[in-house]
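Enquirer: Now for the letters of each chain:
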Amino acid sequence: MKFENVMATGGEWLRGEGPHHQIVISSRVRLARNLRQRAFPGWAKKAERTQILELIKPRVEELTEMQDSFSELLQDLSALEKQVLVERHLISREHAAKSVGSAVIMNRRQTLSIMVNEEDHLRMQSIRSGLQLKSAFKLVDKVDSTLEGKLDFAYDARLGYLTACPTNVGTGMRASAMLHLPGLVLSEMINQVIQAVNKIGLAVRGLYGEGTEAMGNLFQISNQTTLGEKEDEIVSRLSKVIETIIEKEHDARQMLIQKKSNTLWDQIGRAYGVLTFAHAMTSKEALNLLSIIKLGVDLGAFPEDRRLPIDELFIDTQPAHLQKSSQQKLNAEERDHLRAQIIRERLRVFPKPDISKVARESENGSTPEPQNNE
Amino acid sequence: MLCDVCKCNEATVFLTQILEGKMQKVNLCDACSKEKGVQDPTGFALADLLLGIGAAEEIEKGAPSQKCPVCGFTQADFKKTGRLGCSGCYVTFAEGLGSLLKAMHKGTEHVGKLPQRAHREIELGDRMRALTEDLEKAVADENYESAAALRDKIKQLAHEKAI
Numbered sequence: 000m001k002f003e004n005v006m007a008t009g010g011e012w013l014r015g016e017g018p019h020h021q022i023v024i025s026s027r028v029r030l031a032r033n034l035r036q037r038a039f040p041g042w043a044k045k046a047e048r049t050q051i052l053e054l055i056k057p058r059v060e061e062l063t064e065m066q067d068s069f070s071e072l073l074q075d076l077s078a079l080e081k082q083v084l085v086e087r088h089l090i091s092r093e094h095a096a097k098s099v100g101s102a103v104i105m106n107r108r109q110t111l112s113i114m115v116n117e118e119d120h121l122r123m124q125s126i127r128s129g130l131q132l133k134s135a136f137k138l139v140d141k142v143d144s145t146l147e148g149k150l151d152f153a154y155d156a157r158l159g160y161l162t163a164c165p166t167n168v169g170t171g172m173r174a175s176a177m178l179h180l181p182g183l184v185l186s187e188m189i190n191q192v193i194q195a196v197n198k199i200g201l202a203v204r205g206l207y208g209e210g211t212e213a214m215g216n217l218f219q220i221s222n223q224t225t226l227g228e229k230e231d232e233i234v235s236r237l238s239k240v241i242e243t244i245i246e247k248e249h250d251a252r253q254m255l256i257q258k259k260s261n262t263l264w265d266q267i268g269r270a271y272g273v274l275t276f277a278h279a280m281t282s283k284e285a286l287n288l289l290s291i292i293k294l295g296v297d298l299g300a301f302p303e304d305r306r307l308p309i310d311e312l313f314i315d316t317q318p319a320h321l322q323k324s325s326q327q328k329l330n331a332e333e334r335d336h337l338r339a340q341i342i343r344e345r346l347r348v349f350p351k352p353d354i355s356k357v358a359r360e361s362e363n364g365s366t367p368e369p370q371n372n373e
Numbered sequence: 000m001l002c003d004v005c006k007c008n009e010a011t012v013f014l015t016q017i018l019e020g021k022m023q024k025v026n027l028c029d030a031c032s033k034e035k036g037v038q039d040p041t042g043f044a045l046a047d048l049l050l051g052i053g054a055a056e057e058i059e060k061g062a063p064s065q066k067c068p069v070c071g072f073t074q075a076d077f078k079k080t081g082r083l084g085c086s087g088c089y090v091t092f093a094e095g096l097g098s099l100l101k102a103m104h105k106g107t108e109h110v111g112k113l114p115q116r117a118h119r120e121i122e123l124g125d126r127m128r129a130l131t132e133d134l135e136k137a138v139a140d141e142n143y144e145s146a147a148a149l150r151d152k153i154k155q156l157a158h159e160k161a162i
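As you go down the protein sequences, you meet chains A and B in turn.
For the first sequence, numbering that gives the first Met the number 0 begins at 0 and goes up steadily by one.
For the second sequence, numbering that gives the first Met the number 0 begins at 0 and goes up steadily by one.
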């Protein structure tokens with residue numbers, strides 16, 4: 000499979016059809032594995048890294064899950080292409096910085112991506128739309144079980160799987176979900192939620208993981224520890240916490256409709272106005288405003304069939320996607336113009352926000368319930 | 000006081016967090032605190048940052064001048080990167096890592112998935128221990144016939160284990 004096909008096919012999770020998809024954008028589970036008695040990628044010399052890569056890559060490519068896969072050496076990808084993969088969460092920012100001795104292999108549906116020689120020899124990740132941590136774990140667990148028959152993984156009877164960073168030792172698993180929480184942000188309850196989540200040993204991060212800013216009211220929640228707890232226990236604990244946050248988000252939205260409706264309509268109206276008429280827009284501003292429009296769709300202020308175009312804009316207006324689709328390298332100013340132009344064009348067919356519809360629903364005492372497709 | 004992350008600038012942000020009864024402290028300069036997204040200390044998991052800071056000190060205690068025989072990694076390297084050199088480092092620096100892992104994780108022992116190969120090794124190990132005990136008992140009882148049979152079994156098992 001070629002990079003153009005990766006660009007064109009979009010990937011399953013971007014379509015947003017999973018359970019609780021209004022609030023949970025995606026679920027990811029990754030496993031870290033290393034070969035026994037071999038230097039970890041960060042410590043290995045180039046020759047050893049390449050040797051390890053040559054050992055692992057064919058084993059990954061022959062997996063049944065990887066038929067018709069996209070498989071590239073990092074040095075053969077342009078900076079822009081790497082960035083596109085980062086924006087789709089198919090590789091990490093750290094992996095994008097790698098070159099000789101590293102590779103990425105992913106399946107056609109973009110539900111499974113395997114990084115070779117990131118921080119660990121193998122980082123296997125499954126990504127699904129909505130709240131589907133269990134099925135994401137199942138897929139990546141199956142791949143791991145197949146690979147362990149072909150590769151000699153480093154593990155210790157007491158410490159479990161051994162990883163380059165001691166924070167990952169044990170299960171080597173990081174399960175995370177990306178949540179869209181505009182209600183909690185607008186009602187200023189988000190810090191309370193983050194605090195509570197931190198207290199029970201889970202981490203809250205921004206859009207692109209560790210050390211990144213929360214933009215577009217998007218938050219990543221993941222397990223912090225990997226030793227002393229079983230994989231399925233971690234996954235179900237995390238799922239339960241996320242279900243509680245989903246409830247809190249719905250409550251916050253109800254509260255906004257009932258008690259702060261003026262602020263809410265003002266936000267939605269302004270977001271609509273700026274997105275429809277602006278001629279220059281940074282990706283941060285775009286994400287923040289699109290988030291409010293997405294909230295508007297959830298609340299019924301925009302028709303349901305407008306959901307997908309908005310979800311697509313979240314990704315399509317990211318810097319690398321913007322440049323890749325326009326097939327040229329652009330400076331920041333040019334990007335901001337192009338971004339505003341694309342948004343204006345897509346919103347041209349967008350109806351004005353219809354507040355009356357939301358108001359009626361709030362009188363009945365309920366917002367539309369999230370669909371559960373599981 | 001210098002920033003714990005970049006170790007260049009003067010620290011201006013001082014954070015203390017108590018997580019599950021353990022106190023963690025970190026000092027950051029203005030630039031690093033912004034980069035790490037520390038505007039609101041309550042909304043921020045300190046453990047992310049602590050690695051390579053507290054971590055390096057912990058490991059130092061256990062292995063003052065040790066070098067990993069498998070990969071040549073030293074504790075100074077760990078202090079610099081916050082990452083280990085190879086899976087063998089977990090044995091080399093076991094002592095220092097012990098308390099670090101304890102502070103970092105929920106438990107000190109892995110209870111999750113193990114590779115199939117590990118199950119087999121554990122099973123073989125158990126069988127080997129049982130046979131060795133039987134052999135000792137047979138020798139003590141001067142039951143040389145069964146001792147010889149047991150010795151053969153142990154030999155065969157050792158061969159299996161080597162594969």
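Hints in this document: simulated from the structure, not taken from any laboratory.
For every residue, glycine included, the Cβ atom is placed at its ideal position computed from N, Cα and C.
Errors might be hidden in some of the hints.
[Stated by the list, open to error] Here are the computed distance ranges between Cβ atoms for each label pair:
(1) Arg-14/A / His-158/B: 50 to 58 Å
(2) Ser-70/A / Ser-145/B: 22 to 30 Å
(3) Arg-343/A / Glu-108/B: 53 to 61 Å
(4) Arg-157/A / Asp-151/B: 28 to 36 Å
(5) Ala-78/A / Gln-155/B: 38 to 46 Å
(6) Lys-229/A / Glu-135/B: 30 to 38 Å
(7) Lys-79/B / Ile-314/A: 35 to 43 Å
(8) Lys-79/B / Lys-328/A: 55 to 63 Å
[Unchecked claim] If you want the footprint, here are the derived chain B segments under chain A, 3+ residues with CB under 8 Å:
(9) 2-10
(10) 128-138
(11) 146-153
[Claimed, not checked] A few chain B residues that don't get close to chain A, going by computed Cβ distances all over 10 Å:
(12) Asn-26
(13) Glu-94
(14) His-109
(15) Pro-114
(16) Leu-123
(17) Glu-141
(18) Asn-142
(19) Tyr-143
(20) Ala-157
Enquirer: All hints are to be evaluated individually against the structure, with a verdict given for each.
Expert: To see whether the hints hold, each was checked on the structure:
1. Arg-14/A / His-158/B: 50 to 58 Å: holds (55 Å)
2. Ser-70/A / Ser-145/B: 22 to 30 Å: Given range 22 to 30 Å: violated, Cβ gap about 57 Å.
3. Arg-343/A / Glu-108/B: 53 to 61 Å: holds (58 Å)
4. Arg-157/A / Asp-151/B: 28 to 36 Å: holds (32 Å)
5. Ala-78/A / Gln-155/B: 38 to 46 Å: Given a distance of about 58 Å, which is not inside 38 to 46 Å, the answer is violated.
6. Lys-229/A / Glu-135/B: 30 to 38 Å: holds (37 Å)
7. Lys-79/B / Ile-314/A: 35 to 43 Å: Given about 37 Å between the Cβ atoms, the range holds.
8. Lys-79/B / Lys-328/A: 55 to 63 Å: violated (35 Å)
9. 2-10: With 0 residues closer than 8 Å to chain A, the stretch 2-10 of chain B misses the three-residue bar; violated.
10. 128-138: violated (count 0)
11. 146-153: n = 0 at 8 Å, threshold three: violated.
12. Asn-26: holds (17 Å)
13. Glu-94: holds (13 Å)
14. His-109: The claim breaks: His-109/B does not keep its Cβ more than 10 Å from every Cβ of chain A (closest is about 3 Å).
15. Pro-114: Non-interface label fails for Pro-114/B: nearest chain A Cβ at 4 Å, not farther than 10 Å.
16. Leu-123: Holds: least Cβ distance 12 Å, greater than 10 Å.
17. Glu-141: Non-interface label stands for Glu-141/B: nearest chain A Cβ at 36 Å, farther than 10 Å.
18. Asn-142: holds (33 Å)
19. Tyr-143: At roughly 35 Å from the nearest Cβ of chain A, Tyr-143/B sits farther out than 10 Å, so the non-interface label holds.
20. Ala-157: holds (19 Å)
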